[in-house]
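Asker: The lines below spell out each chain.
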Amino acid sequence: MNRRDLYRFGTIALGSVAALVLAVPGVAYLLDPLRRKSKQGDFAPLARLSELQVGVPKVVSVIEERQDAWVRYPKEPVGSVWLIRQPERSKAPVIAFTTTCPHLGCAINLSADGKSFYCPCHTSRFDFSGKRLNDIPPRAMDSLEVKLSTDGDPWILVKYQRFRSQTEEKVPLA
Amino acid sequence: MLNRLADWLDIRTGYRALLREALDEPIPGGARWRYVFGSALSTTFLIQLVTGLLLMFSYAPSASTAWGSVYYISDQMTLGWFIRGIHHYGSQAMVVLLVLHLIQVLWAGAYRRPREVNWWFGMALMFLTLGFSLTGYLLPWDQKGYWATKVATNIVGGTPVLGPSLQKVIVGGPDYGNQTLTRFYGLHVGVLPTLFVLSLAAHVALFRRHGLTPPRRAGNRATGHFWPEQLFMDTVASLAVLGVLLFLVLSEHGANLDAPADPSSSDYPARPEWYFLSLFQLLKAFPGKNEVVGTILIPTAITVVLLLIPLFDRFLPDTLAHLLALGFVVALVGGVGYLTYEAWRSDAHDKFFQAGRAKADEARRRALRLAGDPAVGIPPDGAAYVLLRDPLTHGRGVLNAKCLGCHYFDGKGRGRQVASDLKGHGSYAWVRGLLEDPKAPSYFGKVPQCDGMAEWKKNSKLSKKQLDDVARFVASFAAVPPEMTPEEWLNSPGVADHPGQEPFVKDCGRCHVVDGLTEGGYRDAPKLFAWGSKQWTSRMIHKPGSPDLYGYLEKKDQMPAFTSDQLTENDVTTLIRFLKNDYLDAPKPQESRVQAQVVRATGP
Numbered sequence: 046m047n048r049r050d051l052y053r054f055g056t057i058a059l060g061s062v063a064a065l066v067l068a069v070p071g072v073a074y075l076l077d078p079l080r081r082k083s084k085q086g087d088f089a090p091l092a093r094l095s096e097l098q099v100g101v102p103k104v105v106s107v108i109e110e111r112q113d114a115w116v117r118y119p120k121e122p123v124g125s126v127w128l129i130r131q132p133e134r135s136k137a138p139v140i141a142f143t144t145t146c147p148h149l150g151c152a153i154n155l156s157a158d159g160k161s162f163y164c165p166c167h168t169s170r171f172d173f174s175g176k177r178l179n180d181i182p183p184r185a186m187d188s189l190e191v192k193l194s195t196d197g198d199p200w201i202l203v204k205y206q207r208f209r210s211q212t213e214e215k216v217p218l219a
Numbered sequence: 056m057l058n059r060l061a062d063w064l065d066i067r068t069g070y071r072a073l074l075r076e077a078l079d080e081p082i083p084g085g086a087r088w089r090y091v092f093g094s095a096l097s098t099t100f101l102i103q104l105v106t107g108l109l110l111m112f113s114y115a116p117s118a119s120t121a122w123g124s125v126y127y128i129s130d131q132m133t134l135g136w137f138i139r140g141i142h143h144y145g146s147q148a149m150v151v152l153l154v155l156h157l158i159q160v161l162w163a164g165a166y167r168r169p170r171e172v173n174w175w176f177g178m179a180l181m182f183l184t185l186g187f188s189l190t191g192y193l194l195p196w197d198q199k200g201y202w203a204t205k206v207a208t209n210i211v212g213g214t215p216v217l218g219p220s221l222q223k224v225i226v227g228g229p230d231y232g233n234q235t236l237t238r239f240y241g242l243h244v245g246v247l248p249t250l251f252v253l254s255l256a257a258h259v260a261l262f263r264r265h266g267l268t269p270p271r272r273a274g275n276r277a278t279g280h281f282w283p284e285q286l287f288m289d290t291v292a293s294l295a296v297l298g299v300l301l302f303l304v305l306s307e308h309g310a311n312l313d314a315p316a317d318p319s320s321s322d323y324p325a326r327p328e329w330y331f332l333s334l335f336q337l338l339k340a341f342p343g344k345n346e347v348v349g350t351i352l353i354p355t356a357i358t359v360v361l362l363l364i365p366l367f368d369r370f371l372p373d374t375l376a377h378l379l380a381l382g383f384v385v386a387l388v389g390g391v392g393y394l395t396y397e398a399w400r401s402d403a404h405d406k407f408f409q410a411g412r413a414k415a416d417e418a419r420r421r422a423l424r425l426a427g428d429p430a431v432g433i434p435p436d437g438a439a440y441v442l443l444r445d446p447l448t449h450g451r452g453v454l455n456a457k458c459l460g461c462h463y464f465d466g467k468g469r470g471r472q473v474a475s476d477l478k479g480h481g482s483y484a485w486v487r488g489l490l491e492d493p494k495a496p497s498y499f500g501k502v503p504q505c506d507g508m509a510e511w512k513k514n515s516k517l518s519k520k521q522l523d524d525v526a527r528f529v530a531s532f533a534a535v536p537p538e539m540t541p542e543e544w545l546n547s548p549g550v551a552d553h554p555g556q557e558p559f560v561k562d563c564g565r566c567h568v569v570d571g572l573t574e575g576g577y578r579d580a581p582k583l584f585a586w587g588s589k590q591w592t593s594r595m596i597h598k599p600g601s602p603d604l605y606g607y608l609e610k611k612d613q614m615p616a617f618t619s620d621q622l623t624e625n626d627v628t629t630l631i632r633f634l635k636n637d638y639l640d641a642p643k644p645q646e647s648r649v650q651a652q653v654v655r656a657t658g659p
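Those protein sequence lines, which keep their order, are chains A and B.
The working numbering puts the first residue of the first sequence at 46, with every later residue one more than the last.
The working numbering puts the first residue of the second sequence at 56, with every later residue one more than the last.
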């Protein structure tokens, strides 16, 4: 190896070192979001059982404290849930669905005639048990875990969760 | 395969000729270490560009979000402290390298005919670099950047004739705020980089057009080439710069972030970044009406001379012009160095400055501590409220400013004590101490108009055990929630059967009224329902002269009332929380543990 080769090799080697010293932390910094975990919700009271009529869906807000990057928000609505009271002696007294559409994450509303769930973005349609009525969404509406408190007029406690969109399986966001 | 791809690309782009043109630049007299500064500057600029872009991914320019986003980058994101640290020290490396490059160019005479225009582009790049520093310093919206930049823009405002309008345009209005930040951000990440890249392109193009200035004593050394000899040296130099940056970033663990900007702070010792310290010091030499000499005239004159340097040899012999130019810059660097040292030295010996800086550091640590605590954090209305809502910072400040003219706190006050010591007010320890010795200076010893407790003490026959019980009972009043009525309180668990209740009714109740429990009447005294609670203390602050408190005293003997303009809701809340040790990292002294037990025993 002569002097020129040494310069050549040295330039490339040292230049690569310099580039790596910045590139590796830079990439790690850009990939920081991968480290962020989705907040795991806890059971929270959303409504009293007496507020619901059997078979009539009602939308209620989920109120939580929230951390958005550097900002800590006090308790405020962070999402919505459809609650449907079931007839007496059903297995579950109340069914809860997140309003987030499993297709691409828009908010599911009632259809104009009030007889099914309907997502205004891409016309996903579901019946009141959450089953798909067309092939647009990849799966049924995402149901949430429900518990009732032991009060005389029980509170409906719902564990609010977010799920991945576009999958056939219901996968909670980690 | 790779070769064929390269051929394909070359036919379509001609990149090989371009590359050869770039790399085969002849170097008269061969490669030299002293030629590395230009390349090192370019590399450093590239580092600034990359790290700056990375920071843009997470930075949010507004008065309410800037500090929080910088905090998030520095303290929460993966290696964010590293990226920001490199950017911070990189900006300083730019200034240092710039000076070295300038001296090298001057020394080599590389500014002379026909390279005058290139000298001017170099000057433009220098001022753009300083512009980057000035605008970037403000972006974190911390105390340091806020006050330093405020001074800088006020200097602009002092320019004759156009100053005030110019300042208003730069600041984005009559006051500092959101528009200042967005404007500085626009300049820092848009206007300045564009101008810098264009000037740099022109600078390099002109440099290539005229070639390297041959050394005067090149002798018979052969002409070298940029690739690979000079580029190797340039790479080593760039790596050395990066090494210095790494050392600074790692040893300082990134860049400092001061407490969030607080326009109301009266004692922040503002200083510019170190390379502006000479200007700061120069300003001191021209006080009063002459200030504009130091802030505008001298710097402008220096700039004009620097720009005229390539024209010296039109009027003077070459050698003399060169010597004069060198002499001027050497004197300038010496002067700047001297002033910087003077500025540093006077601060180092200035106890007042040191105390201010220590206080600012305490605020900085506190702000970072609060921002990082999951229970506190940065509120949505902005980082300014991190400290403003902190009882330890703001509540203690309010106490010092508004209360300690008359009251004492923990044995200390600002003047002659004419009221009680507020340390632990509302706690078991405070009440117990009062019941033991009402005439002690901590209680009513310095308040002769309030002699009722002392009179009671002379005749009281309560046992030590009974006094303990009464003190516990009274200390439990502080936990009465704001919405609770006296009746609800009396019926809540732990009140009627409290061991302190009976002696309280018998002794205290002779003077003090608690609606539904005692009737008073023997002597005038304040009502005690919810005594020591937030609502009671707040009422005491705003309406000490109302009939349920100290209205029975003559006006001159009452505590002065504070309106809600003098003490805002936040002032009162943080003050009371400070007194109750209700804040992050509050000490957990004996008495507050006792009080907590009382609260638990008596229920809410």
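No lab work stands behind these hints: they were computed from the structure.
Using N, Cα and C, we set each Cβ at its ideal position, and we do this for glycine too.
Worth double-checking, as some hints may not be accurate.
Claimed, not checked - From the structure, some residues in chain A lie toward chain B, with a derived Cβ separation under 8 Å:
#, residue
1, R49
2, D77
3, F208
4, K215
5, V216
6, L218
Asker: Would you settle whether the hint for V216(A) is holds or violated, based on the nearest Cβ-Cβ distance to chain B being less than 8 Å?
Answerer: violated, 25 Å
Asker: Hold the hint about D77(A) up to the distance rule: shortest CB distance to chain B must be less than 8 Å.
Answerer: D77(A) check passes; min Cβ-Cβ to chain B is 4 Å, inside 8 Å.
Asker: Is the shortest C-beta separation between L218(A) and chain B less than 8 Å?
Answerer: violated, 20 Å
Asker: Just to be careful: measuring from the Cβ of K215(A) to every Cβ in chain B, is the smallest value less than 8 Å?
Answerer: This interface hint is violated because 29 Å lies over the 8 Å limit.
Asker: Return the status of the interface hint for R49(A): holds when the least beta-carbon distance to chain B is below 8 Å, violated otherwise.
Answerer: holds, 6 Å
Asker: A closest beta-carbon separation below 8 Å is what the hint needs, so does F208(A) meet it against chain B?
Answerer: violated, 25 Å
Checked against the numbered hints above, the structure breaks hints 3, 4, 5 and 6 and satisfies the rest.
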